[in-house]
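Protein sequence lines, in the order shown, are assigned to chains D and R.
Just so you know, we're using this note's numbering here: the first sequence kicks off at 1 and counts up by one.
Just so you know, we're using this note's numbering here: the second sequence kicks off at 1 and counts up by one.
Hints may be right or wrong, so weigh each one.
Calculated cross-link-like contacts (lysine-lysine; reagent style DSS-like; alpha-carbon spacing at most 30 Å) [to be verified]: (1) Lys275(D) with Lys290(D); (2) Lys70(R) with Lys644(D); (3) Lys260(R) with Lys644(D).
Read the hints as simulated data drawn from the structure, not as lab findings.
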Amino acid sequence: MHGVEFLNPKGLWLLTAIVPLVVLYILKVKRQRLRVPSTWLWAEARRDLLAKHPFKKLVPELPLWLQLLALIGLSLALARPALRGNKLTGDHIAIVIDTSASMGAAAKTPDGQPTTRMALAIEAARHALQSMDTGADAIVIEGAREARIVSPLDRDVRRLETSLKTVAVREVEGDLSAAVGLAADRLRSLGGKRRVLLITDGALASDAPLATAGLDLQVVTVGEPEDNVGIVRVDVRAGVDPVTHRDQVQAFGMLRNYGTAARDAYVTVTVEGKKDPAASRRLLLPPGEKTAVVLAFEPSPLEYGKGLVMQVSPGDALPLDDVAYGRVPQGRKMPVAHAAAGYSWIGRALDADPDLDVQKLTPSQLGTVNVDPDALVVAEGVCPENMPGLDVLVVNPPSGDCMGVDVGGPVDQPQITSWEQGDPRFRFLTFDGVHLSKATPLKAPGNASLLRAGTITLIADASTPGRTATILGYDVGETDWPLKASFVLFIRNVVEMARLHRSQGTTGPARTGEPLRIALPKDVTSVKVDGPGMPEHEVAAKGGFAIVPAIDRAGIYRARWTTPRYGNAVVVANLTSERESDIRSKPVLIDQNGGVAATTTRVADAHHEWGLWLALAAAALIAFDVFWMTRKRREVTLESVAAKARGGGAA
Amino acid sequence: MLLDASFARELEALRRRLHVRARSGGGGDRMSRRRGSSAEFLEHRAYAPGDDLRRIDWLAFARTGEPVFKLFRAEEDVVVRLVVDASLSLEAGEPSKLEIAKRMAAAIGYMALAGSERAQVLSASEGLTFVSEPSRGRAALPKLLRELDRIEPRGGTDLSRAIEQVTLRSPRPGMLVVVSDFMDSGPFDAAITRASAAGHDVTLVQVLSRDEVEPRYDGDYALVDAESGAAVEVTMDASAIEAYLERLNQLVLGLRALAKKVRGGYVRVITDEPLLPPVRRFVGRVVD
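So here's chain D without its partners, still in its complex pose (with noise of 0.2 Å):
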């Protein structure tokens, strides 16, 4: 046994109450007066004779021992006493370890030496396990933004110390409702004394409660808290040097020091591959606050599309949170692959923008001939069932199925009589005045439409996770919309936003802990798949993407594919987690529902409480109290002390 803690220190208030309980003690009543043929006989019995003062001389009674005794009791069973020992008592134990990214951070053993929270975790865990009583089961969990068996319930100390090896920091944010959760699940059909010994650091990304079934929950908490510089957000973008007029990448980084001096720092990103950092600069972090940074640099035309990265210098308590990852994004010039039979209005349009490199393409090459990935596919009259490149705009496409939207037989001169202004597409235009000598009717599912003939559609929306897709159910040459300025702000509509799409990188900014989600030419059904601790794997994709199950290492991952084409595409992850990298201290926030809970800072047995015992003493005694004041007064008489007078006597 370490001796006593009390859970509830704040119990401890109450023997406050102690000095206003004697105070009522030492005051004067009120005295009735009473005309008695002499106090003479009464020396005896009275109690202070000092009537001119206030107070009085304190005199021990028993009620007041009584109340005082109550009020100590009372105060202590708040306070919540518990022994703390080096048993850990319970017949089944379910050890939830946090293994969040900030489980990472740099911590310092009891003797001094450096070591990371996760260490000091794993070890407490291994003294829990130690500390078993015999015959007591317990089963291991790691819980980070999902939950894992280490180890299913066993009694063999041993193995569970041995699966404890497998323990290790996730890069992801922790949460770990779902890890305790589990653990309340399994240990909730049991029999015998059960509890949840919980060991994590604090840094805990949610801020609901963790609920334990009415299960006793021990929090241990690791590791002191430290000041930390991390990352909380970046970005990447394409950009054109003002000056020179060309193109740049523009990496956009947010900084927050959560210490409580400023720091100096440097942040500088760097091209996968490359050696010497791509652009630097120095800043200085103010305390509690987040700190804006744009690195920008001109790339070299092998670098489009590869890794980025941007670190922070010199390193601190938490190494994850100084690195995040991007990737250079493609150069200004959008990629387009146009295929037309004849003349087109579009392809003047297009061919007008000196930021468009445009493929020019016949119908029938398009899905035969290698389009840019990340490419905006204009196709004229044709709809190929595997349509390449990123985003795509169908115009007058033939009768039948076109990427989900009906296509109907012709229709004369029908008249336009809405459209959705609100979508960015048709951003800053009116069809008002625009006129079509025929069309073909589309039938698109749910919300699609986006410009109305009446009950017809004339554009529809047939946009996929990934990929916008834009369907024209009219030839453009049919009309008179190319003599209006709306046809040209159309165009440059769905251009910027392809080009939008296209500098967000494939898939997008993804973050750790959640499924990575890699998008695919339409036709490609599996991909290989490597990252930083994920050895090369195959990974089976359909309808144009590909889904990693949850990733828990930030940093950049690579997906390749040889069928139908050879491609291959990047993708990164970053943890940048404003929670994840605040590793001061905060406390856990538990839902009891009739367990008890309770956090410490060592494995121990903080459930040996005797508040209970407390609290009954102290009802007893009050209970006692009231009898001793309201019992009947035992009858005395000049008999009965004449005659205990005698029997003393005699004795």
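Dock chain R against the given chain D, drawing on the hints supplied.
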């Protein structure tokens, strides 16, 4: 009314049993335990030269041939002195202790006067405050009752001084009845002992109220002394009441021991109890 008719009838029966051990030295109607010249034969003894020849029992001499001298009981004139404590402490009780003290004194005085003794009323507080002239015979009863009736409570208690004064003022010893609550912090044992040594036949009659022998107070009180006006703050709990009763018991034991020491009597009267039993005990010279 100090004496009613039925009480007086009871007293009439009791008066014949009243004996006074005091020797006044003066002739009187009361048969003394001493040998004297009354008509009541006491005993025989052998004749000694110098004895009065008229008291030789000639019939006994004829039978035995030895001169035998006849002894007769003496007849003495005894004063029964009724010292009534009239201090303010006797105001307490319902009826008041003073009322009972006066009735007790009246009863004793009645028996004395009916027995042809002389009775004298003395009022005491911080010394003697009233002394009546001794009177004799039933005819003096109204005067005695009037004198008792006139006694009013006043002042504190100094029994020692009062009894000393009685002893000094009494040329001949008699029966000394002290009717009081004896709530006197000063020592009066010495005065009683001296009175006894002076030949007084001392009887102590202690009058107490029911509240004094069975206090039923509860709570916090400021007790005010009826005589001195001093206040004493007392929290009435069992221990306080027990302490008081122990003190009262010591007082009772002290009075009892004193009565035995002076071969007198001690009778305790409770104000709400019938008066006849204590009178009987008084006549029987009981030590309560």
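Now the hints, each set against the structure:
A threshold of 30 Å between alpha carbons decides the hint, and for Lys275(D) with Lys290(D) the separation of about 28 Å falls inside it, so the pair holds. Restraint check for Lys70(R) and Lys644(D): the C-alpha separation of about 54 Å exceeds 30 Å, so the hint is violated. Straight-line distance between C-alpha atoms of Lys260(R) and Lys644(D) comes to about 22 Å, which keeps the hinted pair within the 30 Å bound.
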